Structure formats: C-alpha cells, structure tokens
Amino acid sequence: MNEHKKTYETAVSESVKNLSSLDSRLTALYTQAIEQGGAVPTSKAVMLNLVIYAANTELADRAFENASQILSHLTGRTILVDLAAKKTQPASVSLICGISERGDKRLCGEVIRLYADGGPVSGMTLPLLIPNVPVYLWVYGEIHSEDADFIDLLRVADHVVVDSRISGKTAPNLRAIDRLSKIDEGRRSLRDLGWISIQDWREATAQHFDAPSLRRCLEQIAEVTVRYSGSDASSVPESAPLLFASWLMERLGIAPTEVFHSRDEGYRISARQDDRPVVVRLFPEPSKLRTGRLLSVTMNCGYNGKAGTFTTEAVSDTQLSLTEDCRDICLPKKVIEAPDIADAQLAAIALSSYRKDRVFMKSIGLALQILRQLELADEKSTRFRL
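Numbering-wise, the numbering used here puts 220 at position 220 of the sequence shown, and it's gapless, one number per residue.
Since the hints were derived computationally from the structure, they do not count as laboratory data.
Some clues are possibly wrong.
The calculated DSSO-like cross-link candidates involving lysine-lysine, where the alpha carbons are at most 30 angstroms apart (straight line), are [said to hold, decoys possible]:
| id | residue 1 | residue 2 |
| --- | --- | --- |
| 1 | Lys105 | Lys169 |
| 2 | Lys333 | Lys169 |
| 3 | Lys333 | Lys356 |
| 4 | Lys306 | Lys288 |
| 5 | Lys362 | Lys182 |
| 6 | Lys306 | Lys334 |
| 7 | Lys169 | Lys17 |
| 8 | Lys333 | Lys288 |
Pairwise CB distance ranges, derived in the manner of DEER restraints [to be verified]:
| id | residue 1 | residue 2 | range |
| --- | --- | --- | --- |
| 9 | Val156 | Ser353 | 13 to 21 angstroms |
| 10 | Pro277 | Lys306 | 12 to 20 angstroms |
| 11 | Ser167 | Ser353 | 21 to 29 angstroms |
| 12 | Arg290 | Ser270 | 38 to 46 angstroms |
| 13 | Ala28 | Pro286 | 52 to 60 angstroms |
| 14 | Glu35 | Arg251 | 21 to 29 angstroms |
| 15 | Pro286 | Glu35 | 34 to 42 angstroms |
| 16 | Arg276 | Ala45 | 52 to 60 angstroms |
None of the values given here were measured: they were computed from a predicted structure.
For each residue, glycine too, the CB sits at the ideal point set by N, CA and C.
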C-alpha cells in the first residue's frame, strides 16, 4: 500500500438518515457496486470488524483515508466513530473496493462513519458489529484509555491498535498502553504502530551479530548511541527511539540506573550490564524525515580484549547501511531495503496479527522505568534551581 498511489476506489457513498435501515441500504449499495464492476467479479469479504475511535473530525478524515487503503487489501466492516462531527444525519456509508493480488476479482469492504457528537457511542456502534469475526479497536490519535465511551468499546474488542508516536505525547501514550494491557486481566492483544515501525531497525541491528564469534560482544556492551529525527527542546524522547533503546536494553540485560537530559548530551542513560557500566544515549537531530524516525544506531563493545563498533544508519528514505569495525571476522558494508512504511500499511500489519507480543510489553515496561528516572532527574534539577 503506497501513500502516493491509490490502490482502491470508493465505489459508492451516501448519507444514512436512519441506522435501522443501514443493512438494507448496504444491500442496495453492493448491488450497485457489482454493476459498476463490469467484467471483473465483485465479492464482499468480511475478515474482521474494525472500530476506529477518532477524537476529532480532522483525525477522522485521515482515519477514513487509511481505512480505505486497508480495506482494498484486508476487507471487512469498518466503523469510524467521529466524536466531534456535527451532522444532521447520524452516519454515512461508503463501499471501498480494490482488485485482489491475483487480479481475478474485485473485493469490497465498507466504512460506516458515525457522527457521534454528544451521542451514545457504544449504543450506535455495538449493534453494527458483524458477529463471529474478530473485533479490532484502533485508537486514532492520542490514547484516552480512561474515557467512558472508549472503555465501552474496549469491552467488545479482541485486539487493540494504538500509535505511540504522537510527538510530545510519549509519556502519556506509553502509560496508557500499559494500563490497557492490564484491563480484564490482559486478555486482549495490543499492537502499536510505533513499535511496528522500528521492526526493520531491530532486525538490521541483530544482523550484525549473526556470526557466532561476535555474539560475546553482546555480553560486553560499553555504549549505545541512537540518533533520531527530532527537537532537543522536548523534555522526553520520541517513542520510536525510546522503544528501540528499551528493546535493546531488555534483550541484553542492561538495567538503567540514572537518566539525564541536556541539549548537549541528549538523553543519557547510565546503566549496568551485570557488574559493568554501560551508557545509552538518545540524540535528537534536525532532519527532513518524519519526527521520531531513527537515523542511526551505533553499538560499541569490548570482548576477549578486543573492541568492536557496529553501526546501522539510514542512508536514504528507503535504505539502511550496516557497517562494522572490529578485530574479528567482520562483514563488509551492506545496504538493505527498509522504506519508511505508511500508516495504512503499519495498521494492516497490526490487523494481520493475533498473538500477544510479550517482547513489546517488556520493552514498554523498561521505557516507563526510563521515563520515571528522567522525571526524577528533572524534579531534582528544579529543586536545585529553586
């Protein structure tokens, strides 16, 4: 799904005056869509219910665009809850169609946009869910995990999709994810677009240590530096670099002991791996890339009296380079494809996953620990200035 090339079409769209007549209207709309399809067979496929929770109309408009891209490949019923729109009618409905990967049929799904300003959100939404298929709840924008309407929708969801990458909202969003993971004894799977967005970086970093002779290096890390697109004026790092650092630390048994922030040093995490000191740095830098996008990861280690430096770096919008400087068997520089994935494709990945991601939740826990230590450091600094 490419942001710049439409892979779908809005076959039919109309306003709905009465939700009780929605099913009959959908039947009529599908009939129209089949007639428009011409020689290519048109079919309705229901793989899931996707409920999108959007706090304002601007977010809802963006959510509609992303849902349309998703539905052209992963069809089902999407219910877009627009909490702020003031409309005379309660809803609108659109059929979104796209050609299957084999090109032999036209698949259609539906987007029901509910205009729920001041209305009973759960009362409007729940009767529209198709039974016997999974329910995904996608929180579009900031995560309001304590909102009553949201909690009502959460109760019927099997899976929850969030996005921790909202600039300036790292701490509240990660805390909200942690709270969501514990509701109803943690029965739901949670997927974060921010976490999915760094998957290529995690895999590329791990590739440095595929050779058995280099794995001892992972037990003797000296310093890790993560550079990312962002502003040094922010009081906390963006979620993607923080989650990457937390993942690396959790996997390698590196425990944070103190966190310091300054414009010169970025975010400096003093830590220990077993009985040895380790420094982990997060540096925001001006960049044309999306805020929070990783720019480079450098790992320094010492092992068997030897030293090694392993760097993963974005060399373009679509490629990463892997370079190694060590006294052992090092791989030559390698360039791999790693495009900046559009939100719709990240969401499609999330919607195709059913299992709980325990590594993600452990990384969330360590990220929250780092944020708490950063807040303590800020409080001490404030008291000192006073």
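Evaluated hints:
1. A distance of roughly 42 angstroms separates the Cα atoms of lysine 105 and lysine 169; the hinted pair therefore is violated under the 30 angstroms criterion.
2. The straight-line distance between the Cα atoms of lysine 333 and lysine 169 is roughly 36 angstroms, outside the 30 angstroms bound, and the hint therefore fails.
3. Annotation: proposed proximity of lysine 333 to lysine 356 is violated, straight-line Cα distance about 35 angstroms (limit 30 angstroms).
4. A hinted pair counts as satisfied when its Cα atoms are at most 30 angstroms apart, and lysine 306 with lysine 288 does not qualify at roughly 37 angstroms.
5. At most 30 angstroms may separate the alpha-carbon atoms for a hinted pair to count; lysine 362 and lysine 182 meet this at roughly 13 angstroms.
6. Simply put, lysine 306 and lysine 334 have alpha-carbon atoms about 23 angstroms apart, close enough for the 30 angstroms limit, and the pair holds.
7. At roughly 37 angstroms between alpha-carbon atoms, lysine 169 and lysine 17 are farther apart than 30 angstroms, so this suggested pair is violated.
8. Between lysine 333 and lysine 288 the alpha-carbon distance is near 25 angstroms, which keeps this suggested pair within the 30 angstroms criterion.
9. One distance hint, 13 to 21 angstroms for the beta-carbon pair valine 156 and serine 353, holds here, with the actual separation near 19 angstroms.
10. The hint said 12 to 20 angstroms for the Cβ distance between proline 277 and lysine 306, and at roughly 19 angstroms that hint holds.
11. Distance hint check: the CB atoms of serine 167 and serine 353 are about 25 angstroms apart, consistent with the given range 21 to 29 angstroms.
12. One distance hint, 38 to 46 angstroms for the beta-carbon pair arginine 290 and serine 270, is violated here, with the actual separation near 29 angstroms.
13. Our hint of 52 to 60 angstroms for alanine 28 and proline 286 holds, since their Cβ atoms are close to 53 angstroms apart.
14. A hinted range of 21 to 29 angstroms is violated for the C-beta pair glutamate 35 and arginine 251, which are about 55 angstroms apart.
15. Checking the proposed 34 to 42 angstroms range against proline 286 and glutamate 35 shows it is violated: the Cβ atoms sit about 53 angstroms from each other.
16. The supplied range of 52 to 60 angstroms is met by arginine 276 and alanine 45, whose beta-carbon atoms lie about 55 angstroms from each other.
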